[in-house]
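Since the structure of chain A is already known, use the hints to place chain B on it.
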Amino acid sequence: MVARPTVSRDEIWAILDDVRDPEVPVLSVVELGIVRAVEFEGDEIVVDITPTYSGCPAMHEIERSVVGALAAHGLTSRIRTVFSPAWTTDWMSDAAREKLRRYGIAPPGQASETALIPLMRRGAAAACPFCGSRETETRSDFGSTACKSLQFCNACHQPFEHFKAI
Amino acid sequence: MDDRTRGDLFEYLLRLGDDRLILGHRVSEWCGHGPILEEDIALANIALDLVGQANLLLQLAGEVEDRGRDQDALAYLRDSVGFRNVLLVETPNGDFGDTIVRQFLFSLHALLVLDQLQRSTHEALAGIAAKAVKETRYHVRHCGEWIVKLGDGTEESHDRVQRSLDRAWRYTGELFECDEIDARLVAQGIAVDPSVARESWDAQLCEVLALATLSAPTETHMQSGGRRGRHTEHLGHLLAEMQIVARSHPGAQW
Numbered sequence: 305m306v307a308r309p310t311v312s313r314d315e316i317w318a319i320l321d322d323v324r325d326p327e328v329p330v331l332s333v334v335e336l337g338i339v340r341a342v343e344f345e346g347d348e349i350v351v352d353i354t355p356t357y358s359g360c361p362a363m364h365e366i367e368r369s370v371v372g373a374l375a376a377h378g379l380t381s382r383i384r385t386v387f388s389p390a391w392t393t394d395w396m397s398d399a400a401r402e403k404l405r406r407y408g409i410a411p412p413g414q415a416s417e418t419a420l421i422p423l424m425r426r427g428a429a430a431a432c433p434f435c436g437s438r439e440t441e442t443r444s445d446f447g448s449t450a451c452k453s454l455q456f457c458n459a460c461h462q463p464f465e466h467f468k469a470i
Numbered sequence: 100m101d102d103r104t105r106g107d108l109f110e111y112l113l114r115l116g117d118d119r120l121i122l123g124h125r126v127s128e129w130c131g132h133g134p135i136l137e138e139d140i141a142l143a144n145i146a147l148d149l150v151g152q153a154n155l156l157l158q159l160a161g162e163v164e165d166r167g168r169d170q171d172a173l174a175y176l177r178d179s180v181g182f183r184n185v186l187l188v189e190t191p192n193g194d195f196g197d198t199i200v201r202q203f204l205f206s207l208h209a210l211l212v213l214d215q216l217q218r219s220t221h222e223a224l225a226g227i228a229a230k231a232v233k234e235t236r237y238h239v240r241h242c243g244e245w246i247v248k249l250g251d252g253t254e255e256s257h258d259r260v261q262r263s264l265d266r267a268w269r270y271t272g273e274l275f276e277c278d279e280i281d282a283r284l285v286a287q288g289i290a291v292d293p294s295v296a297r298e299s300w301d302a303q304l305c306e307v308l309a310l311a312t313l314s315a316p317t318e319t320h321m322q323s324g325g326r327r328g329r330h331t332e333h334l335g336h337l338l339a340e341m342q343i344v345a346r347s348h349p350g351a352q353w
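Listed in order, the protein sequences are those of chains A and B. Following the numbering used here, the residues of the first sequence are numbered contiguously, the last one being 470. Following the numbering used here, the residues of the second sequence are numbered contiguously, the last one being 353.
Watch out, some of these pointers could steer you wrong.
Selected chain B positions facing chain A (Cβ under 8 Å, derived; list incomplete) [what the hints assert, rightly or not]: (1) A141; (2) L155; (3) D171; (4) L210; (5) E222; (6) A231; (7) D301; (8) Q303; (9) V307.
The set of hints was computed from the structure by calculation and includes no laboratory data. Owing to the predicted nature of the structure, the values given are computational and were not obtained by experimental measurement. Backbone N, C-alpha and C define an ideal beta-carbon position, used for all residues, glycine too.
So that you can see chain A by itself, here it is in the shape it has in the complex:
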């Protein structure tokens, strides 16, 4: 028998804040808002996570990393996937956005204001993460992962990735 773990919620959140997203390793799964809650159920820790995209292939790796990080501290855990409220890039803190920008990925704009039918409507151009210019254009709506698009800066002539606002 294992007793209820003698670890606080804050300590668990701190451990999880060291788990990097496999596709965007500059951010943790906590900073991305993927980890929603931590609860104790008997001798087990239940970690609620929410997927970024329905088909995001990184979710399995994230689940494995979360369970593995807690196991490295002698903690038994299981993952519970929750869908509501749906993940939004609006949960990303200013500090996390700044980390993304320094990493070379333009952070997402506001997602919550967009209309249901997005026909012919595009938000403000993303600022270039390298030179800050707004003279940028979308080269591809889709990118290397489900969460990013490809942009080009006409000021410094650099291609860059943009974290889609959803």
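This is chain B only, laid out in the frame that chain A set:
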């Protein structure tokens, strides 16, 4: 939940899940064959979103049915007559314009339905819809812009995408069909009546076609049957390819 509602909900989830599984598989056939690199990536990403949504919906369907079938069993071990997708999504890819038109017609309807389904009284279904609505918005925007580019492009692209629209049109009526299964679930606040999207779908499509200098098709004869398991010959060929590995190696894991 009573037995009849459980049965209705299983059927409804198969409809939603199969639409996305079959369309996702179709769109994934473009991988490595896109006309330009950006669209190859776009189509693969759209396919990934659709298969991801199908995975969630069919997993929930399996739980609701409660006979030990998971999403893989439902995807890989049913025959054509067991599938509940609309005929539109099983039509072959054709050229790039055919694929974009099919995607736009489907996604615009899906977006309008999902937006209401977020408020379903079934919590798990509402959660999946809230996730899918964001992805679908992006598909609608992307495909809508392409229809305008192709329609208002060269004479050849205009004529070809107009023919794509004319060919796909006979499969659009089925998107709005509402039968007694839908009606019973709508009455309980679980499902969304597919026909309520009609007015908004017509208006949005009209807006895009005007920008694209395309004409709304006048064909009124509509094909249907997919919701009852009556499919075109194309579905069998698709399933043969999609299911071969799972059926050749039953229970295989990696």
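We went through each hint and held it up to the structure:
| no. | hint | result |
| --- | --- | --- |
| 1 | A141 | holds (4 Å) |
| 2 | L155 | holds (6 Å) |
| 3 | D171 | violated (14 Å) |
| 4 | L210 | holds (7 Å) |
| 5 | E222 | holds (7 Å) |
| 6 | A231 | holds (6 Å) |
| 7 | D301 | violated (13 Å) |
| 8 | Q303 | holds (6 Å) |
| 9 | V307 | holds (6 Å) |
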